[in-house]
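Engineer: Protein chains in written order, with my numbering: chain B, 1 to 264; chain V, 1 to 264; chain D, 1 to 264.
A couple of the hints might just be wrong.
Identical copies go unnamed one by one, so any copy, or any two together, can satisfy a pair.
[Said to hold, decoys possible] Using 30 angstroms as the maximum straight-line C-alpha spacing, the simulated DSBU-like pairs for lysine-lysine come out as follows: (1) K116 / K190; (2) K62 / K116; (3) K116 / K157; (4) K209 / K116; (5) K62 / K209; (6) K157 / K108; (7) K190 / K157; (8) K190 / K209.
No lab work stands behind these hints, which were simulated from the structure alone.
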Amino acid sequence: MACITLLSDFGSASGYPAAMKGVILSLYPSAQIVDISHDVERHHIRAGAFLLWMVAPYFPEKTVHCAVVDPGVGTARRALAIASGGHFFVGPDNGLLIPAAERLGEPKVHHIQNEKYFRPEVSRTFHGRDIFAPAAAYLAQGLPLPELGPPITEYIKLSFGEGIRRGRILEGEIIYIDSFGNVITNIAGKLLHELAQPGTMLVVEVSRKVVSARSAQTYGEAEPNELIVTVGSHGQVEIAAVRESAATRLRARPGESVRIQRPT
Amino acid sequence: MACITLLSDFGSASGYPAAMKGVILSLYPSAQIVDISHDVERHHIRAGAFLLWMVAPYFPEKTVHCAVVDPGVGTARRALAIASGGHFFVGPDNGLLIPAAERLGEPKVHHIQNEKYFRPEVSRTFHGRDIFAPAAAYLAQGLPLPELGPPITEYIKLSFGEGIRRGRILEGEIIYIDSFGNVITNIAGKLLHELAQPGTMLVVEVSRKVVSARSAQTYGEAEPNELIVTVGSHGQVEIAAVRESAATRLRARPGESVRIQRPT
Amino acid sequence: MACITLLSDFGSASGYPAAMKGVILSLYPSAQIVDISHDVERHHIRAGAFLLWMVAPYFPEKTVHCAVVDPGVGTARRALAIASGGHFFVGPDNGLLIPAAERLGEPKVHHIQNEKYFRPEVSRTFHGRDIFAPAAAYLAQGLPLPELGPPITEYIKLSFGEGIRRGRILEGEIIYIDSFGNVITNIAGKLLHELAQPGTMLVVEVSRKVVSARSAQTYGEAEPNELIVTVGSHGQVEIAAVRESAATRLRARPGESVRIQRPT
Numbered sequence: 001m002a003c004i005t006l007l008s009d010f011g012s013a014s015g016y017p018a019a020m021k022g023v024i025l026s027l028y029p030s031a032q033i034v035d036i037s038h039d040v041e042r043h044h045i046r047a048g049a050f051l052l053w054m055v056a057p058y059f060p061e062k063t064v065h066c067a068v069v070d071p072g073v074g075t076a077r078r079a080l081a082i083a084s085g086g087h088f089f090v091g092p093d094n095g096l097l098i099p100a101a102e103r104l105g106e107p108k109v110h111h112i113q114n115e116k117y118f119r120p121e122v123s124r125t126f127h128g129r130d131i132f133a134p135a136a137a138y139l140a141q142g143l144p145l146p147e148l149g150p151p152i153t154e155y156i157k158l159s160f161g162e163g164i165r166r167g168r169i170l171e172g173e174i175i176y177i178d179s180f181g182n183v184i185t186n187i188a189g190k191l192l193h194e195l196a197q198p199g200t201m202l203v204v205e206v207s208r209k210v211v212s213a214r215s216a217q218t219y220g221e222a223e224p225n226e227l228i229v230t231v232g233s234h235g236q237v238e239i240a241a242v243r244e245s246a247a248t249r250l251r252a253r254p255g256e257s258v259r260i261q262r263p264t
Numbered sequence: 001m002a003c004i005t006l007l008s009d010f011g012s013a014s015g016y017p018a019a020m021k022g023v024i025l026s027l028y029p030s031a032q033i034v035d036i037s038h039d040v041e042r043h044h045i046r047a048g049a050f051l052l053w054m055v056a057p058y059f060p061e062k063t064v065h066c067a068v069v070d071p072g073v074g075t076a077r078r079a080l081a082i083a084s085g086g087h088f089f090v091g092p093d094n095g096l097l098i099p100a101a102e103r104l105g106e107p108k109v110h111h112i113q114n115e116k117y118f119r120p121e122v123s124r125t126f127h128g129r130d131i132f133a134p135a136a137a138y139l140a141q142g143l144p145l146p147e148l149g150p151p152i153t154e155y156i157k158l159s160f161g162e163g164i165r166r167g168r169i170l171e172g173e174i175i176y177i178d179s180f181g182n183v184i185t186n187i188a189g190k191l192l193h194e195l196a197q198p199g200t201m202l203v204v205e206v207s208r209k210v211v212s213a214r215s216a217q218t219y220g221e222a223e224p225n226e227l228i229v230t231v232g233s234h235g236q237v238e239i240a241a242v243r244e245s246a247a248t249r250l251r252a253r254p255g256e257s258v259r260i261q262r263p264t
Numbered sequence: 001m002a003c004i005t006l007l008s009d010f011g012s013a014s015g016y017p018a019a020m021k022g023v024i025l026s027l028y029p030s031a032q033i034v035d036i037s038h039d040v041e042r043h044h045i046r047a048g049a050f051l052l053w054m055v056a057p058y059f060p061e062k063t064v065h066c067a068v069v070d071p072g073v074g075t076a077r078r079a080l081a082i083a084s085g086g087h088f089f090v091g092p093d094n095g096l097l098i099p100a101a102e103r104l105g106e107p108k109v110h111h112i113q114n115e116k117y118f119r120p121e122v123s124r125t126f127h128g129r130d131i132f133a134p135a136a137a138y139l140a141q142g143l144p145l146p147e148l149g150p151p152i153t154e155y156i157k158l159s160f161g162e163g164i165r166r167g168r169i170l171e172g173e174i175i176y177i178d179s180f181g182n183v184i185t186n187i188a189g190k191l192l193h194e195l196a197q198p199g200t201m202l203v204v205e206v207s208r209k210v211v212s213a214r215s216a217q218t219y220g221e222a223e224p225n226e227l228i229v230t231v232g233s234h235g236q237v238e239i240a241a242v243r244e245s246a247a248t249r250l251r252a253r254p255g256e257s258v259r260i261q262r263p264t
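The whole structure should be built from the sequences, with the hints applied where relevant.
Structural biologist: Okay, structure coming up:
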């Protein structure tokens, strides 16, 4: 019973994810289907890529991750199927799948071309249902990846970058705002551990705001109204606030730069 | 492993869909349960009927669709179980199930009466849990439909109507606004293909607004801020906007009339 | 194929519930996973406890309910695994699990300590993924409860209280506002049946507002704009309005007192 995850910007209540599930179950009735999220901000490829990157490693080997944040649907953008680290990824060639695939191993990327594995009629606006869902169902049942189409080496890359440490300063970028308003950065957690002991007061600069925040190991350590800098469950440095949204407070947005400084 | 779909206006976070799933799994532990949506606008039978109509065809034969948008719960309205086109439908007699059942085949409609297949105590406010969910679980395991109750021929109909073409004009009605704000009409896609080549500028009249919109084959063809008229993945003509909500821009609401004209 | 339910305040679109599901499926690939809700108001332990109390009885025996509303994650608060009435409960020691566990039977409470059943690396901020999800997966596959840790008798209790009747008056407290805005109280349904025939006009006092409301057996009996007092599907007295939110109209909040009086 192989697992198929779904991620999209369709809205969980829209019926579109259910149409994909119907297609999958028609081909593979005992599939174990898991929704990662269908409420990715519309057309926000980086946000979808981050969620997939965050969640994919917790799934068992042979899981097929089918992700659709696809502003270019119906244009010349290609459809991809990728094998990496024992998992598979299916979705558009716009970078969405790449960070997760690279996190798990050495991606082998194929261009989905074999119409034998498409739905009989392919709409121009819903490749999730007509191309990606069937490809995922076939892969989950053991179809060899090259059956879907030839390997390619040129495809659209996407990277969150990697924050760095320069002495008393960490520098990076916001990659995601989670549902609690925690501000997740591209700075690896170990750099925070190198920078400061838990409890140290730090100076955080985000989107031209400069604030104080305490280095903490857990949300429970923070005082009400206090900002903390911590290592989130995804292993990245994040800025959080207890019982409120740090992102709202800092007016932080993905893509903005972050500086975290330890005073002398 | 038969599939049971659920659709309701309960809210996915309300706990009520989970209660239905608990009842189903108590009777049929290996059921493959799929949510279509639980966020149908409250008591909006036509919106629920459209989602079910849109999604049902993608599910495998023998799927049982259990739908509950049911403002009349606890009154004299009847409970129905329907067989059509190899699928089953369970829900209230208020029209909700009819468009989907008619789309799939020739509906055989039965009035659920046999209390042997109810939960032991039937509440007056939650037939989804106490009558529909158990009926769905029994049907999914092969219970013959007549076991639930006698066939009937009088039941509440619901139709979205059918848009028409008169020369250079398409006329119809809005049946649904999707999660992207796309305005979905009751005009069949082939009428748009007959009316105009892709790329043609059309005049669209919705809710007393008159706007220009381009006939397009896919969302990707549109320019920012441009309205397009296209055939959606459900096969109906829809009015869409790129990266914004066409419905908000047009202040369009389900039930309003739509006119699409090709200039001479 | 045992059932595992999930409840949290993570947000269904956050990716965090999916990470828990990945962990569960890695340990138990055929688990039947059901979401109760992931949109509990953040850190609102009583609201989560009510949903679990409401839904748990409908699930089959051997179901494992894994619930995470956990403001104290990473602090000294303990992790619990409970057996009661043939079900299991896994989650933090903050009262969340207790009303449901007490409703189903005589809770046997264990303190989860055996790191053999944790994920290899336990984060300080996401015990749902690293401790509770694996514990649920092991219990669902038959691991004896004492394997997870020793029994304890001291743990944090939580009770919704019990509304009472004094002659012509019912007195209680609001325990939950549901997704429809129905105001659910801690007054048992049978007390309303003792107080008044269906159709009786009652005087309801909530949050310093005094209003008239009719005793009714079902939502369908109410007139537009009318408030009704009824017994909800959960068996508790609730105050409801047709096609609108009674909670908004009464500005009612959980924790506030409720008085329902039958005029002489």
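Engineer: Any hints this thing doesn't respect? Which numbers, in order?
Structural biologist: Going through the list in order, the structure violates hints 4 and 5 and respects the others.
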